[in-house]
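Student: Read off the chains here:
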Amino acid sequence: SQTIHQWPATLVQPVGSPLSLECTVEGTSNPNLYWYRQAAGRGLQLLFYSVGIGQISSEVPQNLSASRPQDRQFILSSKKLLLSDSGFYLCAWSVGGINEQFFGPGTRLTVL
Amino acid sequence: QKEVEQNSGPLSVPEGAIASLNCTYSDRGSQSFFWYRQYSGKSPELIMSIYSNGDKEDGRFTAQLNKASQYVSLLIRDSQPSDSATYLCAVNSGGFKTIFGAGTRLFVKA
Numbered sequence: 001s002q003t004i005h006q007w008p009a010t011l012v013q014p015v016g017s018p019l020s021l022e023c024t025v026e027g028t029s030n031p032n033l034y035w036y037r038q039a040a041g042r043g044l045q046l047l048f049y050s051v052g053i054g055q056i057s058s059e060v061p062q063n064l065s066a067s068r069p070q071d072r073q074f075i076l077s078s079k080k081l082l083l084s085d086s087g088f089y090l091c092a093w094s095v096g097g098i099n100e101q102f103f104g105p106g107t108r109l110t111v112l
Numbered sequence: 001q002k003e004v005e006q007n008s009g010p011l012s013v014p015e016g017a018i019a020s021l022n023c024t025y026s027d028r029g030s031q032s033f034f035w036y037r038q039y040s041g042k043s044p045e046l047i048m049s050i051y052s053n054g055d056k057e058d059g060r061f062t063a064q065l066n067k068a069s070q071y072v073s074l075l076i077r078d079s080q081p082s083d084s085a086t087y088l089c090a091v092n093s094g095g096f097k098t099i100f101g102a103g104t105r106l107f108v109k110a
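Protein sequence lines correspond, in order, to chains A and B. The numbering of the first sequence is our numbering, which starts it at 1 and goes up by one. The numbering of the second sequence is our numbering, which starts it at 1 and goes up by one.
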């Protein structure tokens, strides 16, 4: 069965510090991978998606970036965090043309 | 801009009742429709997918789709306190971008 991991679970960072969040998927090959952010009381905002190694599509211009160095690894980064980057970051996967997405446990980021 | 609208709630129903959650979407070309359940502090969990007009039943859950009215709903029969959560409606128009509603909070009173 497929499993998706995210770490860390929670993170408190000062403004201006760098960020690296990691997501890995097990039990499937060539998944589509997604990064979402959920602000308090808000819907999910798609940040990036990837259909393969090195292929990244950005949905929202911001100070975040994403990379996919391996088939089942997806990384979200920032060089300098802003207060507005606080939120619940979710990684998700899907396969093929099926749009059902399955979410990891998430990382709750607080920028102070 | 493509939108998915949900009543934020909270929707409060007594235990054993039917909970009815509704969602409207703006893109007539939408093809795939999903309901996710999200417990407080947790990530969303897919509970139903529906792709064609009509009803789809899975246990206590029934998803209903009406593409002409651009409307999708989720019925939860015999509601339990453990069903208390936020329910997210999600819509895909093809491609990789799925639009999520902000969710409806459901509270089932014991």
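Please note that a few of the clues may not be correct.
Label pairs and their calculated CB-CB ranges [claimed, not checked]:
| id | chain 1 | residue 1 | chain 2 | residue 2 | range |
| --- | --- | --- | --- | --- | --- |
| 1 | A | Lys80 | B | Pro14 | 47 to 53 angstroms |
| 2 | A | Thr28 | B | Arg28 | 31 to 37 angstroms |
| 3 | B | Lys56 | A | Glu26 | 25 to 31 angstroms |
No lab work stands behind these hints, which were simulated from the structure alone. Glycine included, every Cβ here is placed at the ideal spot set by N, Cα and C.
Student: Of the numbered hints stated previously, which ones are contradicted by the structure, given in increasing order?
Tutor: none
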